[in-house]
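Below are the chains, spelled out letter by letter.
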Amino acid sequence: MFSRIISRVGLFAVPLLALVLAGCSKAALTVRQSTLDPKGPVAQVQYDVFMDTVWLVLVLFFLVGGLLVYAVIRFRARPGDDTTPIVEEGHGNPLVEVGLITASIGSLVFIAIPTLSAIWYTDDVPVEAVPKSKLAAWYAPAAGAPALDNAVAEQVLEIDVIGKQWWFRFEYPQLGLTNDAKHSVPNELVIPKGVAVRINLRSEDVIHSFWIPKIAGKVDLMPGRKNHLWIQADQVGHYYGQCAEFCGDSHAYMLFRCEVLEPAEFAKWVAAQKQDAAPVAAGSKAEQGKNLFAVKSCVMCHNVGGHFGAGAFGPDLTHLASRKSLAGAWLDNRDLKAQRALEQTSPLGTESSVEVDRATLKANLIKWIGSSGVSHDANGKPTKDVKPGNRMHYYKMFNVAGLRETKQEFTAEELDCLAEYLLTLK
Amino acid sequence: MSHDTHHAPVASKLDLAPERSDLGFYRPDRTTGLFDWLTTVDHKKIGVLYGAFAMLYFLIGGVEALAIRTQLARPDQTIVTARMYNQLFTMHGTTMIFLGVMPLSAAFFNFLVPLQIGARDVAFPRLNAFSLWAFVFGAFVLNASWLFEFAHLAGWFDGFAWYQALVYTDFAPANGWFSYAPLSGTFGQANAALQSPRFTGVGTDFWIIGIQILGIASLAASFNFICTIINMRAKGMTMMRLPVFTWMTLFTSFLIILAFPAITVALIELMFDRQFGANFFNPSAGGQPVLWQHLFWIFGHPEVYILVLPAMGIVSEILPTFSGKALFGYPIIVFSGAVIGFLGFAVWSHHMFTTGLGPVPTAAFALLTMAIAVPTGVKIFNWMGTIWGGRVRFTPPMVLALGFIWMFMCGGFSGVMHSSAPADSQQQDSYFVIAHFHYVLLGGVLLGLMGGLYFWFPKIFGRMPNATVAYVASGLVILGFNLAFGPMHYLGLAGQPRRTHTYHAGNGWEDWNLIATIGAFILGIGVFTAFANLVWTAFKGKPCSSDPWDGRTLEWSLPSPVPEYNFAQSPVVATRDAFTEHKHGAKRISYEADGGEAGIHMPSQSWMPMLAAAGFLFIGFGMPMMSMGVPHAGWLVITGLLVLIAGIWLWAVEGPGGYMLKTPSVASAPVATPSVAPSAH
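So the sequence lines, in the order shown, correspond to chains A and B.
Numbering of the first sequence is given in my numbering, commencing with residue 1 and proceeding in unit increments.
Numbering of the second sequence is given in my numbering, commencing with residue 1 and proceeding in unit increments.
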């Protein structure tokens, strides 16, 4: 009998212990999307409140759970027990009841206070963070770029995040990087280190959610509504984010990245984003690819600064070849083996990142463009697709004026040329 | 016009003369076998049917869960497509909540409530049958979406014009059990035919109409139980003498009638958006997607307590029985149930902490959510108080009830963690949440319900399940469950989002996902073993005495299986837990001089509840088929409405019927003698 109880307790203890052990390894706590490895004040505050709840719960767990185990063992039926029934009306003991209720409420106050303080702290950029975070305090436009408007210089950096099925578009209206200005940034957010940034969230179709676990907890992108949060990252590096609200077929493929740069580097990056694409060499494969880009109607959705300016619906491709990921950050353009090795040796851990690997990028481009076009069988059903339901080449849903149903198919030769062209878009 | 009850009492319904109803049809009173089950109005048989269907859907939902876990066992797997995965988790959640846990709770309500309050049936026996069949047909409609999906995948629809015109071809719902608009709704402007563009296909329409039908079933059943508990109690069975399970049934019924109207309205609005060009949730036409979330969760959160309160009631019956001691703090347990039910309507926005409510509502809902932990904690303290000073006998139901307390406590603790909104912003929509609510709903509710099955099975079938098999099954369930869902706490904190059909290697999620999958299979084997054990017992198990556990409530005073009239003479009780004291010498139950030679009035069986409910079958197929663009599908809906109306009308005019049944004389009033309590294993 007793051994049965012990073994039952063991049943609970084993996974718990395993969990605790897993939690003890540093590597397990600092994985790419860990919420337990905060790298900025917002995530830190959320982590601190979380740990308050953990301690409270652990104490209660061992207290109440321990009492329960004690009661079950202590009051178990034994052979030879008195068998007369224990007849009493179960009124309980008012003193015990009231005492326990009071204790429960008291223990909740322990987490209620930090919770309330954190709710207001994480809601918007704190006033005390503005002086050091306003653009004038850290942003120096690169040589040749126009100076900031005085009113703008007193603001903190604002970034508009626009969610779509299934990718994110980032715009920096104060710095002239917007979709309207043909300079938007898809899927790879770039922010300066050490300053507060205000994020405005909008959605153009369904609900999405913006989540970079190491920098801040999530806030939803609600269509028809303007949400916001503020973030700050205190360590440079490459961070991983993901859409956290179910948004349809390819929800799992809606990822994004966040690159945290030193403020000076950030200014250079802004300047680079405003550069147009370089002309392609005449007679090259890339030039054939550029022609295909126009002929195969890629141009209808995608902007390529300096080459094609009509597209506004799909991701801006002007700097495609400089991005470390593709297809809503699902396909990684880096050498993954080198990346893993770096993560294990670099002091930055999972925030360190190798550069884009040209061969991987080309393979990804061919896979992505190729599968999206030909992945629908004769009946139009999706087969093996990098992102099922994506709008590239298969445009039945928004079958409205000007955007007829298109279904492009590519030969291997054409894909190669197209990829060569896209590789020139640094 | 005949007055059916004037006939002389008969010993068995098979001795009845063939009897025509006021409509001129023969009443199905004398049927046996299948027709008897289809036309029954006996709360016990209806309870058994609820239970059988619930177990079937538990297994279907379990298979869906295992498919999900198989897909996630390793990174970058392509065992199922993204679409199929989304359909699997949608149907898994919907099935487990609406077709598994709720009907299994309803099975207990049906079987136990009249027995526990000393009544001969529920207040409205035919309405009860209607609830059952509405549930059965609603569940069928929901799952028939899979048949359409498979037909679509097999290409059977290829030749049809309506099929070729479809933009979205998900036939099984792929919108999640929460069905957030606008993903489940529409965008843009409606065309001349009042059709708006949508994000999902007819799967969502199946889901909408299926849930709507199930809601009607639940509402009808709840009104029935409220009337039964308020009006049909035996003499002396005052409210504060009710068994706690009956109390929890009452609260659950109130929660259902207060919570389901919200989802009913929301579903109608969504249906109008999708099928008739309305714009309730369409942001491009000024609709508010967040309105759906408010309507859904003001239903959805009380729904959690609708699932959990019956299990708490069951545990509150099992613990005193096997502790040999009255429930500690009975009034406080009852009132904390009421407080939980009340506060359950005041915390819905904690499901929406990340939707940008603003700090004031976020703070209010965070504090209210913390507050609801207090009455829940009170229950746990009182259960412990019940064990304290008792003599704890270990039996399968007791082991499962103790497992319930433990697992539910863990789920409650992670719930307290969620109540802190800033912490929740990292946990929301991650695997941490999956861990949390599976500890509540599986570790809590399922263990409680399994405990209830093992506890009352001897009463239902008069046969005792094999204890060894029961222990093995319970052990597998508890082990597998913790192995499957324990690691998900870590996975969520490591940033793995829910509802994603795959993930890359390199995020540190691989190992724990594999372990979770192994755990899920162990859990699956455990649940299957338990169910197989129970089904086998129902037919072949060892007969047992009428009071094998030394029970405390009135149902244990009856023979097993319970006769169709329940109580040969109506009991009059003098105290709470009257049967315990009565068995042990104090005379706490007396019997009224009804029944006997004069007979007991039994209600007539009827086809009409099932006929009326069958209207839902036509409506349930018609609405999605209209949405698919199948020609003339609207007539199917109209047919369904006519069948429903005709069924109800015929039901009203066929006359009440009824007959008198002879029962054993007062002298042999069934006061069971206490059997030897099973020795501690």
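Rather than coming from a laboratory, the hints here were simulated on the basis of the structure.
Idealized CB from N, CA, C, for every residue including glycine.
Don't take each hint at face value.
If you want the footprint, here are the derived chain A segments under chain B, 3+ residues with CB under 8 Å [said to hold, decoys possible]:
#1 48-59
#2 108-117
#3 169-177
#4 201-207
#5 279-291
#6 310-317
For each label pair, taking beta carbons as the anchor points, the in silico distance ranges come out as [claimed, not checked]:
#7 Gly106/A with Ala346/B: 17 to 23 Å
#8 Met51/A with Val572/B: 44 to 50 Å
#9 Ala143/A with Thr70/B: 37 to 43 Å
Against the structure, the hints come out as follows:
Check result for the stretch 48-59 of chain A against chain B: holds, 7 residues qualifying (beta carbon to beta carbon below 8 Å, three or more required). With 6 residues having a Cβ less than 8 Å from any Cβ of chain B, the stretch 108-117 of chain A passes the three-residue criterion, so the hint holds. With 0 residues having a Cβ less than 8 Å from any Cβ of chain B, the stretch 169-177 of chain A misses the three-residue criterion, and the hint is violated. Residues of the stretch 201-207 of chain A with a Cβ under 8 Å from some Cβ of chain B number 4, which satisfies the need for three, so the listed coverage holds.
Beta-carbon proximity to chain B at under 8 Å applies to 0 residues in the stretch 279-291 of chain A; the threshold of 3 is not reached and the given coverage is violated. Taking a C-beta to C-beta cut-off of 8 Å, the stretch 310-317 of chain A contributes 0 residues in contact with chain B, too few for the three needed, and the coverage statement is violated. For Gly106/A paired with Ala346/B, a C-beta distance near 21 Å keeps the hint of 17 to 23 Å intact. For the pair Met51/A and Val572/B, the supplied restraint of 44 to 50 Å is violated, since their beta-carbon distance comes to about 58 Å.
Between Ala143/A and Thr70/B the Cβ separation comes to about 57 Å, which falls outside the hinted range of 37 to 43 Å.
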